[in-house]
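Colleague: Listed in order, the protein sequences are those of chains B, U and S.
Using the working numbering, read the first sequence as starting at 1 and increasing by one per residue.
Using the working numbering, read the second sequence as starting at 1 and increasing by one per residue.
Using the working numbering, read the third sequence as starting at 1 and increasing by one per residue.
Keep in mind the hints are simulated off the structure, nothing from the lab.
Idealized CB from N, CA, C, for every residue including glycine.
Some clues are possibly wrong.
[Claimed, not checked] Chain B stretches covered by chain S per the calculated footprint, using a threshold of three residues with CB under 8 Å from any CB of chain S:
1. 17-25
2. 179-188
3. 206-217
4. 226-237
5. 240-250
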Amino acid sequence: MITSAAFMAFMLVGVPIGLCLCLAGLVYIAASGNPVLFQSYPLQLFGGVDSYGLIAIPLFILIGEIMNGGGITRRIVDMAMAFVGSLKGGLAYVNILANMFISSILGSATAQVAIMAQIMVPEMEKKGYDKTFAAGLTAYGGMLGPIIPPSVMFVVYSVLAQVSVSDMLIAGIVPGVILTVMFCLVIALMGYIYNYPRADYQTPRQRVMTILRTSPTLLIPIVIVGTILGGLANATESAAVGAVAAALVGKFWTKEFEFSQLPQMMLRSAIYSAIVLFLVAAAAVFSWVLIFGKVPQETAAWIQTAAKDPVSFMLICNVILLVIGTVIDGIPGLIMTVPILLPVATEIYHIDPRQFGVVVVINLVLGLLSPPVGLCFFVAAAVTGAKPGRMFMVTLPFFVISCVLLVLLSLYPSLSLILVK
Amino acid sequence: QAREFRLGLITPNGHSWNKAALKFGDELKAATNGRLTLTVFHSGQLGNETAMMQQLQSGALDMGFIQAAELGSRVPHIAAINAPYIVRSTPAVAKFVRHPAAVKLFEVLPQETGTIGLGWGITGMRAVFSSKDLNSLADIKGMKLRINPTPVYRDFYSSLGAAPTPIPTPQVFDAMANGQVDGLEADLEFSWNQRFDKVSKVILQMNAVFMPMAAVVSGRVWQSLPAADRELITKTIKTTLDAQIDELAGNEPTLIENFKNAPIPIRQVDAKDTEAVIAEFDKIWLPKAPVLAELRKVGATL
Amino acid sequence: MPATRALSLRRTIVRTSSALLAFERLALMGLMYLLTGLILVNVVTRYSHFPIYWIDESAVYCVVWLTFIGASAMTRLRLDFAVTMLTERLSPQHQKVAKVISTGLVVVFGLALIVTCVLWMDPIGLARAGFDGRKLAADTFNFLYTERTQTLNWPTWVLYLTLPIFAVSMTIHGLANLLEDLELVPRTPPRGFQLSELDGVN
Ligand code: NA
Ligand code: NA
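Just chain B, with the same shape it has in the complex:
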């Protein structure tokens, strides 16, 4: 009790969330009358990140840094333009499709929104789209980042849940594609109602030329998937190989990447990874004290009185997570909820931990797109100058369709597990 009160107080006064968790852990030990736990405290912090699966995070982030520095993102947008640009609402489709492509290389939503909003929003504005809508749409496109592999959030989840990283990554593919299709359907509908503009006409010859010119970017996902299927590397190691591929494509084909940029890219990747990884360490300490205090057991007992079957449990989780997601961002949210909810899901309702992971991750990602703490909206707003508050309203259909997907994923485990062995 005093622990959660302390935690809330720390959080509201503006202490970084990782430290809130660490401090709340100390408060718990002090209050528990078991001071011998202080001796184990540093080792629990260490043990939280002493895990092979987490190696993937710095490597995923590094690929993104190199890709962006190499101008590869821009070319992916050109490619999507050649495919769907001439439809009604063409640039809106381009936005979502390019985001889907880029999701297969980038692991994080906010990074993706920051990159894509700079490219897509000015372009869409020029063609007559409302700037707020363009920025909001890009933020939803960025939502695909952590759903389609690779994904930092799925890696963190699989470490918390002790399931195979590859299983978790693969489980995101089908939901990611479904979400892309659903977004396109919404665009078609809205395009019809609001009469969205078309992009510049391209002759078939121009399109073929663009696709040929931009196709080397596909090398990066191909190398990643190829090294895994070919037995050269696992999901983690493939990220390192993918980073090399991105550097080579950037250096020799787009010619925008210089090896002199590499030290800064390494530094940025290290710091952004540390932000995530320290949260994981802090969460380990916090969940260790929670488990010592048997909080998950008590939560389980409480939830059981409300949910009689797996489906109602999943729906309750969706509501809880959406509420949490509105105030807390993705990875911290994951770290605070999974240690408590997952044991209940698997042990009492026999829900597959991978299906549960997909639902939890998408839920928390959706939290990045809802007020008051919608990080993705803030990023999109910061890059483009649009207003975050209105952004939520003009993109409401996308929010609704994402909720529909969550319900489907909660009801049908096979949507998440069909590709998992």
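Place chains U and S with the ligands on chain B using the hints.
Modeller: Same frame as chain B, now just chains U and S with the ligands:
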């Protein structure tokens, strides 16, 4: 005086060690009319085995089921129980771990690890699952083999000419499926749960090594317990572990039957191929753990 | 004069923090290069049938060090997820107070972590035992200095050193931030970091 114990272990819910832990708690509670109770923390909820050892030493954690690999990496004397070909079948393992010679290994635990060993629990003999054909020990030469990274296993499989490759447990199936490794070694219970037969061409029953677990109590906690409680705990854990050992050994024929029904062959290592391997292994390990000589003698009689 | 002494103490803290940050910057780059290198070497050597046994473990510890060094650096760079829901609604005056409290709590955490590290690593007990890890274990049941890692076979306490280092550097960075928040020293912009506030990591 009422007391609530915490017991930590690394295996997930449903593993035979976890069932034993839960049963131990129930029996303890029944025998004391609820005065002594036990909460089981499974799947490494309190941290990995290294972290659990630290908590056992400081007294934060009362009990643990700790694998011989973890204890053996601290104390070579204990690692001797992981040595190859001390016994050659799971029924023999079941007898061996209850033999006074195996129980006597615990004598070094208080001084070397700050814990008290109360008894062994077991998993079955480990087999090699391979994606290339294997007929004998000699065929292991040159294989990239995923092993449990304990020093004893490493020396054993290296002496067979394999290139031991540590791969984290959750990724073993994938590593095998996509060919990062040519084979893996594991006990049959785990292998059946993971369905390693689906990514292998052949199973070679090595009948060489097994991975037992020690039920340990924190030395600090033990000191604080009245003699009657210590006795009760010792007795209760012994009966639960006895049941675990017998059940696991009893289930092995069913497991082998399961694998025989899988479409891949299951083969045995020829006993006469093993002598040179044993000699080479003992040359490294006898100086580190002289008790190995005695364990071999005992094993040969079972 | 106490006033000048206080001033020079402030300067020492800020300078130490800047020097630490410069060192952390190099260490982070180095660890990231090392990590990428280790993973690539692992892919190549395993493919060519000469897997190196200790690479996985080294890569894991590389990431652990990267985490704590990075966490210390990001404290000074003031990069972290924090909930601003309440504080952003406060008056500028109250915002400053909240800022001082939250930065103060960073220092509190740093100090508390130093205490837990001392309890855990027991440097005094170790000195009393003549820096003999086995004797310390016999005296106090603290076996920290007798353990080794599984595949690298390094003493584990060497790897655990990242925590006391983190605790101390976190405290120093926290103090430097606190001095800035109290407006006792001017803000020092970090050097050599080209960070954009937009690159989140969700
Ligand atoms: Na992605
Ligand atoms: Na939100």
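Colleague: Each of the hints needs a verdict: does it hold here or not?
Modeller: So, going through the hints one by one against the coordinates:
1. With 5 residues having a Cβ less than 8 Å from any Cβ of chain S, the segment 17-25 of chain B passes the three-residue criterion, so the hint holds.
2. Residues of the segment 179-188 of chain B lying with their CB closer than 8 Å to a CB of chain S number 0, which falls below the three-residue condition for coverage.
3. Counting residues of the segment 206-217 of chain B whose CB lies closer than 8 Å to any CB of chain S gives 0, so the stated coverage by that chain is violated, three being the minimum.
4. Counting residues of the segment 226-237 of chain B whose CB falls under 8 Å from any CB of chain S gives 5; the rule of at least 3 is met.
5. Look at the segment 240-250 of chain B against chain S: 4 of its residues bring a Cβ nearer than 8 Å to a Cβ of that chain, three or more, so the hint holds.
Hint compliance for this structure: hints 2, 3 are broken, all remaining hints hold.
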